[in-house]
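J.: Since the structure of chain A is provided, determine the placement of chain B on it from the hints.
Next come the chains, spelled out residue by residue.
Protein chains: 2
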Amino acid sequence: MEVPYKTYLNENEVPTSWYNVRADMKKKPAPLLNASTGKPCTAADLEPVFCSDLVKQELDDTTAFIPMPRPVVDFYRMFRPSPLIRAYFLEKALGTPAKIFYKFEGNNTSGSHKLNSAIAQAYYAKAQGLKGVTTETGAGQWGTALSMACAFFGLDCRVFMVKCSYEQKPFRREVMRTYGADVTPSPSMTTQIGQKINQEHPGTTGSLGCAISEAVEAAVTTPGYRYVLGSVLNQVLLHQSIIGLEASIAFKKLGVKPDVIIGCAGGGSNLGGLISPFMGEKLRGEADYRFVAVEPASCPSLTRGRYAYDYCDTGRICPLAKMYTLGADYIPSASHAGGLRYHGMSPILSELYDQKLMEAVSVRQTDVFSAAQYFARTEGILPAPESSHAIRAAIDEAIKCREAGKSETILFGLTGTGYFDMTAYQSFNDHTMGDFIPTDEDLEKAFAKLPEIG
Amino acid sequence: MEVPYKTYLNENEVPTSWYNVRADMKKKPAPLLNASTGKPCTAADLEPVFCSDLVKQELDDTTAFIPMPRPVVDFYRMFRPSPLIRAYFLEKALGTPAKIFYKFEGNNTSGSHKLNSAIAQAYYAKAQGLKGVTTETGAGQWGTALSMACAFFGLDCRVFMVKCSYEQKPFRREVMRTYGADVTPSPSMTTQIGQKINQEHPGTTGSLGCAISEAVEAAVTTPGYRYVLGSVLNQVLLHQSIIGLEASIAFKKLGVKPDVIIGCAGGGSNLGGLISPFMGEKLRGEADYRFVAVEPASCPSLTRGRYAYDYCDTGRICPLAKMYTLGADYIPSASHAGGLRYHGMSPILSELYDQKLMEAVSVRQTDVFSAAQYFARTEGILPAPESSHAIRAAIDEAIKCREAGKSETILFGLTGTGYFDMTAYQSFNDHTMGDFIPTDEDLEKAFAKLPEIG
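Chain order of the listed sequences is A and B. Numbering that gives the first Met the number 0 applies: residue 0 is where the first sequence begins, and numbers increase by one. Numbering that gives the first Met the number 0 applies: residue 0 is where the second sequence begins, and numbers increase by one.
So that you can see chain A by itself, here it is in the shape it has in the complex (with noise of 0.2 Å):
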């Protein structure tokens, strides 16, 4: 059987649990702690930021398959399955002997694959009884979801909006309110830690790790709200399991077995979806595969970071995590494009890494421009600048296999569009993108900052 350019899965093949990987790791991730005691989080702890069942869901590392709520099933319905594409024109235009397949999770108006989570962690909010969650959001997939997950349920939905992006890209907010969220610009003058980080740095233009300190305050201490979050935590990379479950799915349809599987990865939240089950495989030892972890060259959290426990946001009132880091203040220049500029990295793929279970490269903006350039204009998808970077690993294994007459097939996951992404389309088109590579003594300051725990 030729390979279809496109493979949908039916619904009655559709999954309907996800998968947790951590069920299947022999040395699990390590657990968050407590900032104040240092202890691990219990799941009192974590209440009175997160929903319930959200919390139950983060803690549990031993329970490999978890149902997925009806409500939720018939919302993935709405944008999913996804297809699962063999990317026959970019092939031909490599002349590349290897076969190429990349998931695309952009095919719905939040525009990336963060909607699974979305209407997970909105589902339990509304089960829960709760009137509404707070969020931040950088690059405005995230809240974009949300929004539209919100409105679904007739939730509340607050964003916190990086100031920066909030300004550069007003067309990403006007969507969220057109789902009815109310959307903030980070730091503001609404939250204790916005007056703080404003009165210390004047005319600040925000950053990701700002903007998650005022949602978690917002969400404590506004009754009926909890605070919901894009990536990094466990409960977000078992939602996006369906993205790898999926695949894994087509792919047996197919015959088909991937060699390398390559996704980008900033806080993990695709990544940690896609390899899942794949994963899953490997730890059984019922199959092999190398994964590839892709971050920007100005935010390595996992080729350049350390392996330590850190604090999740700049104001330091989240729990810590044990994650490849590059320091709770670190913020990549103002010339990088797009999301992917998280300080740190799932604790589930940082422990992966660490056990070499996984490979990670990082790639520079120009270089990762020119492949969405070159992939526009042969797969006629225009993808989103986090999504290009799984893009530029994937061409360049591609002519590996073409230098070395190697037959290899290459998964990638195309998290998502780049429509809102046109300013930073516009400063490659026009010449006048550039690349920023933090220097070792950069990196040697934020870590200096590390904490003293675990």
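Treat the hints with care, since some could be wrong.
Partial list, computed: chain B residues near chain A (C-beta under 10 Å) [said to hold, decoys possible]:
hint	residue
1	TYR4
2	SER16
3	LYS38
4	CYS40
5	VAL48
6	PHE74
7	PHE78
8	TYR87
9	ASN107
10	PHE170
11	ARG289
12	GLU378
13	GLY379
14	TYR424
15	LYS444
Honestly, the hints are just simulated from the structure, not real lab data. Just so you know, even glycine gets a beta-carbon here, dropped at the ideal spot from N, CA and C.
T.: Chain B only, in chain A's frame:
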């Protein structure tokens, strides 16, 4: 069998010929007229402007099925088949017994159905050995689609973009540039007609009619170039029949027959494509359907226009077409958002409407955006302003069904997404959006300039 949320055809079920509805019309649409002789256009009249194969398709009103070239079938696989979606969530929100389906054409980077014809026209230009093509774009969807198609075949693409759009939508322009297109604001100083319009109307922000004149002039004066158009023409409706053909096959698979088929109508490309195969059944007496064209109250060519020969462009350098028209100088209010702003209507649709085989309604802009927001929040897709005209009419039909207790099956065309239309959404969110409806006096003034031909 329960109808699934989304129905995709398999690759082997996808049509490989377009359907030409003119073949089944007893009374054919009136021919284009040569403006200087007043006689029906011959192939020789049209070939300096259009590719030869496209001229053949334009003039052929007897061949029912025209095979798609293989490279076009392949390209379609990149972004087609498009899903036929059962709007379960919308039905539930409306509390209607009606069954609502929509054919969603927005899941590609052009953001609309326009790519269906762009790739066909680019293919024929390439097959003829041309160097490039010219076109105009208003809202930007057509220009984006053509840029993508030209990038794929390695053709030069020169787009004249209506100046106010060029300035208000820098991101649309940037997408076209990313695909390698050359984008010029119209009226420009690069054509004689542009210079003339700029002299006569200093400071004008342009119109679709002006941009067409400039694009045609640029094509006929540049060796190796032809002009291509995204709507109105018979060839465009032919290519767009893929929408209706896929929908028709999907309905047969599901064992469902729509009662009423609704589409937005500007030049008629989407509506004509969507209804063609169903209209063919009606014309052959095999089945009956209601067809509803939905147009903006601010540009009401079918509901308030004259059925007469008129110029297709402001510069009056194109052939004359018999169509429902508001007059070649008619420009909808600047407050009108998005496309659907052409002064005329496809000659095929005009003739079908004149024969009372199709109905037409006009809807106000604020009612359109209120439907758009409602749809976004219930069905998860942020629709284009154009597409939202069809949503408005479909919701109105579904409410009528609820009031009458009738369980009709409604199909509407969701032509695209609104990601580049957030300025319009913002004015709706801010309650600053207005409605503009031309007075009878406005229209009489425009009708007075209709040519005395035909």
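J.: Hint by hint, say whether it matches the structure.
T.: For each hint, the structure was consulted:
1. TYR4: Holds: closest Cβ of chain A sits about 4 Å from TYR4(B), inside 10 Å.
2. SER16: The hint is violated - SER16(B) has no Cβ within 10 Å of chain A, the shortest such distance being about 19 Å.
3. LYS38: 42 Å, violated
4. CYS40: 34 Å, violated
5. VAL48: 27 Å, violated
6. PHE74: Holds, because the Cβ-Cβ distance from PHE74(B) to chain A comes to roughly 8 Å (cut-off 10 Å).
7. PHE78: 6 Å, holds
8. TYR87: 8 Å, holds
9. ASN107: ASN107(B) check passes; min Cβ-Cβ to chain A is 7 Å, inside 10 Å.
10. PHE170: 4 Å, holds
11. ARG289: It is violated, given that the least Cβ distance between ARG289(B) and chain A is near 28 Å, above 10 Å.
12. GLU378: 7 Å, holds
13. GLY379: Because about 5 Å separates GLY379(B) from the closest Cβ in chain A, which is inside the 10 Å limit, the hint holds.
14. TYR424: Cβ of TYR424(B) sits 5 Å from chain A, so the hint holds.
15. LYS444: 37 Å, violated
Consistency note: the structure conflicts with the earlier hints numbered 2, 3, 4, 5, 11, 15.
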